[in-house]
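Asks: My request is simple: use the sequences and hints to build the entire structure.
Per the numbering used here: the sequence shown = residues 1 to 131.
Treat the hints with caution; some may be incorrect.
Using 30 Å as the maximum straight-line C-alpha spacing, the simulated DSSO-like pairs for lysine-lysine come out as follows [said to hold, decoys possible]:
hint : residue 1 : residue 2
1    : Lys19     : Lys127
2    : Lys19     : Lys62
3    : Lys127    : Lys100
4    : Lys127    : Lys62
5    : Lys19     : Lys86
Quick caveat, the hints were computed from the structure, so don't treat them as lab data.
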Amino acid sequence: MPQQPIEIILSRQLADCMKVAVFLVDPAGNLLFYNEAAEGILGIRFSETGSVPVEEWASVFKPTDIHGNHLPPEGLPLVQTLSNRKPAQGSFYIDNRRGKRILITVTAFPIEGRPDTYLGAMALFWKTELS
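Replies: Here it is in structure tokens:
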């Protein structure tokens, strides 16, 4: 993997220390990292996936809305943030790699360097319970 900007390196270090699930992508949407908390929700370790393109990670977990309708990649908060460089949030179901259907809430936000350099995005996510 090529040398990453310091902001991405520090974002990965921060994600590695967090107890909330974190997903980190570059400006093209390529997965750079997800942490141990994310591994628990996704049902697969980062060491097993490594870096993958947006088309793959946005569909491999079969995201659906609360009615069971398939969500295209552009319906996911992290992809929305990649597209418009603004924070996005949403809740949807995924089928993790262990075959469990899980409702998650995702908050995604852009990562910018200096001077005005768009470096990618980070998503925080957690299991959600319907009330």
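Asks: Name the hints, by number, that the structure is in violation of.
Replies: Violated hints: none at all, because every hint is consistent with the structure.
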